[in-house]
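K.L.:
Could you build all of it, start to finish, from the sequences and the hints given here?
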Amino acid sequence: QRIAAKSSSPSRYDVESLPAYLASAVDLKKSNDLYKIAHDLTALYPQHAISWYAVGCYYLVAKRFDDARRYFGKSTIADQAFAPAWIAFGHAFAMQDESDQAVAAYRTASRLFPGMHVPVLCAGMEYSRG
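Position 8 (the sequence shown) corresponds to 8 in this note's numbering; numbering is contiguous.
It is worth saying that the hints were derived from the structure and are not from the lab.
This structure is a prediction, so every number in the text was calculated from the model and none was measured.
For glycine and all other residues, C-beta sits at the position ideal for the given N, C-alpha and C.
Treat the hints with care, as some may be off.
Stated by the list, open to error - Result set (DSSO-like, lysine-lysine): computed pairs, CA atoms no more than 27 Å apart in a straight line: (1) K29 <-> K63; (2) K36 <-> K63; (3) K74 <-> K63; (4) K74 <-> K29.
As the list claims (entries may be wrong) - So the derived label-pair ranges between C-beta atoms look like this: (5) P46 <-> D66: 37 to 47 Å; (6) H39 <-> H117: 28 to 38 Å; (7) G124 <-> Y13: 28 to 38 Å.
P.N.:
In structure tokens, the structure reads:
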């Protein structure tokens with residue numbers, strides 16, 4: 001909660017810190033905050049990956065996984081090198097028990113971001129579920 005509270009300052013729209021804030025808000029299930037930020041970002045920056053990632057985060061918390069996947073996909077199209085979107089894309093698939101697609105998204109993240117442990121960890125968790 002402290003990260004979310006600290007990140008709610010006016011600088012929360014800083015691209016560097018926003019993914020951490022959004023991830024915290026998803027974890028804390030702060031759907032109202034996610035909705036407001038996603039709305040603001042899509043109005044201000046409709047071409048940026050972070051905007052569509054924020055929308056996907058909102059839908060993930062709302063348990064509308066098909067919509068979440070659509071917007072995470074849109075985020076990865078806007079910026080193929082945006083790691084949080086690839087990982088969240090995998091999470092959205094995993095939450096619908098679509099392990100093959102989840103692992104594929106995690107593998108893409110792992111390939112694009114060598115040395116990052118999160119996609120490897122998530123893929124391993126998916127394999128262990130199967």
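K.L.:
Please go over all the hints and tell whether each is borne out by the structure.
P.N.:
Hints, verified against the model:
The hinted pair formed by K29 and K63 meets the criterion: a straight-line CA distance of about 10 Å does not exceed 27 Å. Among the hinted pairs, K36 with K63 is consistent with the structure: their alpha-carbon atoms are about 17 Å apart, no more than 27 Å. The hinted pair formed by K74 and K63 meets the criterion: a straight-line CA distance of about 18 Å does not exceed 27 Å. Proposed proximity of K74 and K29 is supported: the alpha carbons are some 22 Å apart, at most 27 Å.
The supplied range of 37 to 47 Å is broken by P46 and D66, whose beta-carbon atoms lie about 21 Å from each other. Separated by about 32 Å at the C-beta atoms, H39 and H117 satisfy the suggested range of 28 to 38 Å. Our hint of 28 to 38 Å for G124 and Y13 holds, since their Cβ atoms are close to 34 Å apart.
When each numbered hint is compared with the structure, a violation occurs for hint 5 only.
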